[in-house]
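Enquirer: Sequence:
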Amino acid sequence: MPRVYLSLGSNIGDRKAYLRAAIKILEAHGGIDLIKISSVYETEPEGYVNQRKFYNIVTEIEANLSPAELLGVCHFIEDILGRKRQVKWGPRVIDVDILLYGEEEVREPGIIIPHPEVLKRAFILVPLLEISPEKRTPSGVPIREFLDESLSQRAIRIGNLKD
Numbered sequence: 001m002p003r004v005y006l007s008l009g010s011n012i013g014d015r016k017a018y019l020r021a022a023i024k025i026l027e028a029h030g031g032i033d034l035i036k037i038s039s040v041y042e043t044e045p046e047g048y049v050n051q052r053k054f055y056n057i058v059t060e061i062e063a064n065l066s067p068a069e070l071l072g073v074c075h076f077i078e079d080i081l082g083r084k085r086q087v088k089w090g091p092r093v094i095d096v097d098i099l100l101y102g103e104e105e106v107r108e109p110g111i112i113i114p115h116p117e118v119l120k121r122a123f124i125l126v127p128l129l130e131i132s133p134e135k136r137t138p139s140g141v142p143i144r145e146f147l148d149e150s151l152s153q154r155a156i157r158i159g160n161l162k163d
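Per my numbering, the sequence shown starts with residue 1, numbered consecutively.
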């Protein structure tokens, strides 16, 4: 099974509770084995900035699912937890994105892996490097090399999901 990295974020309501709920759904899925969960990081919103700060985590999983099937699980989690897609980059109870799927590069309608923002955003890079410090892109470039480029956004560690 490929090692897959997911980004989860929330900025509405009890942000940690939504992250915990998303993790529980992932853990209950028969085709997914949860390997690691990063600390929780607080970040400023991107794009549409007139909103609450986000709580973000990255998870490492093994998935016995195709990229398209896993994307369906991500959308199911968002739907079941009540995500409304009203404003691009707007507030959300939960956002679940596939960052990396093994060493694969996927370009299909509705799915691009690696995630286009994986190398540009501190809220992705910092927690990803916490749980997988030697991780590389599918082309072999160490992800750590991109961290300096994302420093316009700060990711502040605020604890873990158990806190």
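Certain hints may be false.
No farther apart than 30 Å at their CA atoms in a straight line, the calculated lysine-lysine pairs in the DSBU-like style are these [said to hold, decoys possible]:
1) K24 <-> K162
2) K16 <-> K120
3) K53 <-> K16
4) K162 <-> K120
5) K53 <-> K84
6) K84 <-> K16
7) K36 <-> K84
8) K53 <-> K135
9) K24 <-> K36
10) K24 <-> K120
11) K135 <-> K120
12) K16 <-> K36
Please keep in mind that the hints were generated in silico from the structure rather than gathered at the bench.
Enquirer: Confirm or reject each hint.
Expert: Going down the list of hints, with the structure as the test:
| no. | hint | result |
| --- | --- | --- |
| 1 | K24 <-> K162 | 13 Å, holds |
| 2 | K16 <-> K120 | 24 Å, holds |
| 3 | K53 <-> K16 | 12 Å, holds |
| 4 | K162 <-> K120 | 28 Å, holds |
| 5 | K53 <-> K84 | 17 Å, holds |
| 6 | K84 <-> K16 | 18 Å, holds |
| 7 | K36 <-> K84 | 28 Å, holds |
| 8 | K53 <-> K135 | 27 Å, holds |
| 9 | K24 <-> K36 | 13 Å, holds |
| 10 | K24 <-> K120 | 28 Å, holds |
| 11 | K135 <-> K120 | 15 Å, holds |
| 12 | K16 <-> K36 | 17 Å, holds |
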